[in-house]
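Build the full structure now, drawing on both the sequences and the hints.
Quick mapping for you: the protein sequence lines, in order, are chains A and B. According to our numbering, the first sequence is numbered sequentially starting from 1. According to our numbering, the second sequence is numbered sequentially starting from 1.
None of these hints come from the bench; they were simulated from the model. Check each hint, because a few of them may be wrong.
What the hints assert, rightly or not - Not the full set, but computed from the structure, chain A residues with beta-carbon under 10 Å of chain B:
(1) Ser-97
(2) Ile-100
(3) Thr-157
(4) Lys-159
(5) Asn-161
(6) Glu-195
(7) His-239
(8) Val-290
(9) Asn-307
(10) Asp-309
Cβ coordinates follow ideal geometry from the N, Cα and C atoms, glycine included.
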Amino acid sequence: MEKEKILQEEKMNFFESKKGIIFAGAVVGIVSLILVALGNPKNMGFCIACFERDIAGALGFHRAEIVQYIRPEIIGLILGAFITAFAGKEFQSKGGSSPITRFFLGIAVMVGALMFLGCPLRMVLRIGGGDLNAIVGLVGFVAGIGVGIIFLNKGFTLKRNYKTSNFDGYVMPITAVGLFILLMAAPAFIFFSKEGPGSQHAPIVIALICGLIVGALAQKTRLCMVGGLRDQIMFKQNHLLLGFVAIIVVTAIGNIVLGSFKLGFTEQPVAHTDGVWNFLGMALVGWGSVLLGGCPLRQLILSGEGNSDSAVTVFGMIVGAAIVHNFALASSGKGPTANGQIAVIICLVFLIVVSLANSDLMKKNS
Amino acid sequence: MRIDTCGTSCPQPVLMTKKELDKNSNTNEIEVLTDNNTSKTNVKKFLLSKGFNIEIIEDNDIFVIRGIK
Chain A
1 MEKEKILQEE KMNFFESKKG IIFAGAVVGI VSLILVALGN PKNMGFCIAC FERDIAGALG
61 FHRAEIVQYI RPEIIGLILG AFITAFAGKE FQSKGGSSPI TRFFLGIAVM VGALMFLGCP
121 LRMVLRIGGG DLNAIVGLVG FVAGIGVGII FLNKGFTLKR NYKTSNFDGY VMPITAVGLF
181 ILLMAAPAFI FFSKEGPGSQ HAPIVIALIC GLIVGALAQK TRLCMVGGLR DQIMFKQNHL
241 LLGFVAIIVV TAIGNIVLGS FKLGFTEQPV AHTDGVWNFL GMALVGWGSV LLGGCPLRQL
301 ILSGEGNSDS AVTVFGMIVG AAIVHNFALA SSGKGPTANG QIAVIICLVF LIVVSLANSD
361 LMKKNS
Chain B
1 MRIDTCGTSC PQPVLMTKKE LDKNSNTNEI EVLTDNNTSK TNVKKFLLSK GFNIEIIEDN
61 DIFVIRGIK
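See the structure below:
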């Protein structure tokens, strides 16, 4: 009896259902295609890492002139998640689960993402565009998630969070509004690319609305690129993975219809063909994201829900992007840089240390 | 059996529940405490998949997910 009651309740909550997550994935795919059609770089309807990097550039944290722009999509994602979380009584100010470790994990994830040239969401969009380098990235991503899961099974945890002051949760949404004001006011100290990927963008209002829609849907459905593969491997639950697959299917169909589907390794937009470093870059992202509990998209969404640990992670990624460009670590269409390769190795070592130090393997000794 | 997962976020609560169930495979009754909606749903789904009937009680921002076989 009781079980039937619950099952009925599940049917009623669309966003918790498989249809809900597939719907969310499909919308993300369609919205991404729209953003590219209206001006975003190819296969980059959304890229959390790239867009945070552009914001870091716009604020002058790095001076790579081709990647500087305050991306309204990021603002929309945070505010969309904030609005639905608030309306759904899911907004909670929380934090205190190893924040400084999360900050540095955010930096490491950014180093990996800019080695590959995309966050997990853009990896999915690149696959949907026929970019086979992203398949290599996906293999690395799965490998990284697998390593992270080994440590989760060995008791890895960044420890619990706590309720924080009510205001704490509002800081990130307010910051998003502040960024929007800077974008609209465009004072002289904010940098906007005149050429390159940073200059390619959809109109501000449309990009903002697209961000709001995806932010709201991702908050309701918990869409997460890392969570999908993690839950499939750990618990044999394919729920979140369905969203991941839906994005690929919809963008692939959309790109074929629009004539922008191009299968192959070479001459893919904002991508390089170095398989080893595509693999290692995404392995770093996958592993780091498992330790953080979610992909870069999910971190943004959680930061809108009042989670200050995720907000700290987002700022870690923004600082990470500045480091990546200031130290010449970022890959380009030509391939990875030597500095970037060294940085990825250092970050992988850092992940080993964090994984060991926070799992049962070390705790038993101490 | 009662597992307190408050403060932890996914996948920890499901993982903690799974570990306890693996240790005590004959359990017919289990209570999992969580303080966030995402984990509530995930633990609920996990226990349903393990054949439990579920009842959820909300008490002061804390959800008690009770599973009975």
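Structure-based check of each hint:
no. : hint    : verdict
1   : Ser-97  : holds (7 Å)
2   : Ile-100 : violated (18 Å)
3   : Thr-157 : holds (6 Å)
4   : Lys-159 : holds (8 Å)
5   : Asn-161 : holds (5 Å)
6   : Glu-195 : violated (41 Å)
7   : His-239 : holds (7 Å)
8   : Val-290 : holds (9 Å)
9   : Asn-307 : holds (8 Å)
10  : Asp-309 : holds (9 Å)
The structure fails to meet hints 2, 6 from the earlier list, while all remaining hints are met.
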